[in-house]
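Hey, can you work out the whole structure from these sequences and the hints?
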Amino acid sequence: MLSGIFDIIILVSLSIGVFFNFLAGVGLLRFPDVYTRLHAGTKCTTFGSIFLCGSIILIGLRAWFFSYEGLTQTDGSTLAIHTAGALFAILLTNPTGAHALARAAHRSGVKPVGAVIDDLEGKPAKKTTSKKKEAEK
Amino acid sequence: MIESTTFLVVLSALFLSVAMAIIRVIKGPTAPDRIVGLDTINTIVIVGMVIFGYSTNSVIYIDVAIVYALLSFISTLFIAKYLEGGEF
Amino acid sequence: MIAFIVTTILCFITYLLFTTGSGTDLGIWSYEEIIFGIVLSAIVGLIAGKIFVKKDFRMANPVRWLTFIAYVIGPFFAGVVKANIDVAYRVITGKINPGIVKISPGLKTDLGITMLANSITLTPGTLSVDIDEDKNDLYIHWINVKKEALQKKPVDCKYVCGNFPKWIRRIAE
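Protein chains in written order, with my numbering: chain W, 1 to 137; chain B, 1 to 88; chain E, 1 to 173.
No wet-lab data here; the hints were simulated from the structure.
Treat the numbers as computed from the prediction; the structure is a model and nothing was measured.
Any given hint could be a false lead.
[To be verified] Taking lysine-lysine pairs in the DSS-like style, the calculated list, with each CA pair at most 27 Å apart, reads: (1) W:K111 x B:K81; (2) E:K135 x E:K102; (3) W:K111 x E:K50; (4) W:K111 x E:K158; (5) W:K111 x E:K147; (6) E:K166 x E:K146; (7) E:K166 x W:K111.
Dropping the structure here:
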């Protein structure tokens with residue numbers, strides 16, 4: 001009974017994750033310029049990764065606490081902790097990389113297509129000395 | 001019990017979105033467009049490695065995924081810096 | 001010295017987390033892994049201690065960590081969910097109305113502005129493009145610019161990022 005509920009939760013989160021990762025690909029093809037493509041490519045893949053990695057973490061936790069068939073307890077703990085590490089790395093690095101790419105695109109002269117307002121336009125790209133890119137959350 | 005074919009379906013759907021990102025990398029009119037496609041491919045490949053590692057019972061793939069995530073982040077930052085035209 | 005010790009201990013805890021299930025000598029760890037982990041953490045502490053721990057110890061307050069966890073689970077995750085439904089809608093229908101706007105959230109510390117920029121990138125319809133480092137103003141690419149937000153310059157924070165600056169001020173400042 002409990003195992004069935006777990007299976008359903010895992011299947012639902014797997015399908016949500018796959019759907020959003022697929023949407024990221026479609027968004028990359030459909031949107032008109034770099035900035036909107038970054039919206040699709042960053043938000044959707046991060047959200048999809050949360051659900052896909054979350055389902056694997058759930059499988060690991062189930063094997064850890066109930067010693068599920070096919071996986072020993074050691075396997076379960078390793079699976080859960082290492083997947084959580086990979087998810088943490090994705091969550092930390094994805095938005096920072098997107099910010100760096102958006103800044104680079106704007107400074108190399110790509111204009112947002114169809115923009116109603118551009119406050120940053122015409123500002124000289126200052127040479128910055130201190131980099132605020134390290135995400136020390 | 002979740003069948004292993006479920007994970008095969010998940011992996012092939014991920015491969016489909018990687019293929020769409022590759023089209024963007026080939027077509028992309030400007031260089032930043034291509035790098036956005038590359039960044040998306042990196043994230044999807046990390047998740048794909050995690051799922052592949054579970055479905056083939058080899059946890060070592062997940063360690064590789066962690067290292068790949070950090071390295072791809074550094075490469076994205078370097079390419080962004082290069083596009084900006086600043087000194088390193 | 002305190003920087004070296006703190007960094008080494010944090011590194012060693014991370015190492016222990018990633019090597020669970022390596023043996024049965026000490027609980028679930030083997031002697032080899034523990035000895036090698038101590039050596040490795042000491043090397044990392046020597047190299048990275050000065051970068052990791054700065055002069056002030058404001059962030060060593062557990063109340064701030066608890067607020068951070070509450071922030072991530074509550075408003076931040078709700079924002080991420082809303083953002084993805086929004087992006088899904090725009091991918092499928094193709095309706096966009098983009099623009100780059102400037103906001104001045106009034107945060108002072110580097111950590112605070114980093115957290116706000118990362119939060120903005122993952123929440124509905126916004127993406128941080130550039131930072132004015134003198135005044136800590138942020139330039140935001142907004143996928144669906146609202147008419148009423150453009151009357152005042154710089155644009156009011158509540159249209160772009162809700163009450164995130166209030167939370168981050170409580171965490172990082």
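Practice task
Starting from the hint list further up, note which numbers the structure goes against and sort them upward.
Solution key: Violated: hints 3 and 7.
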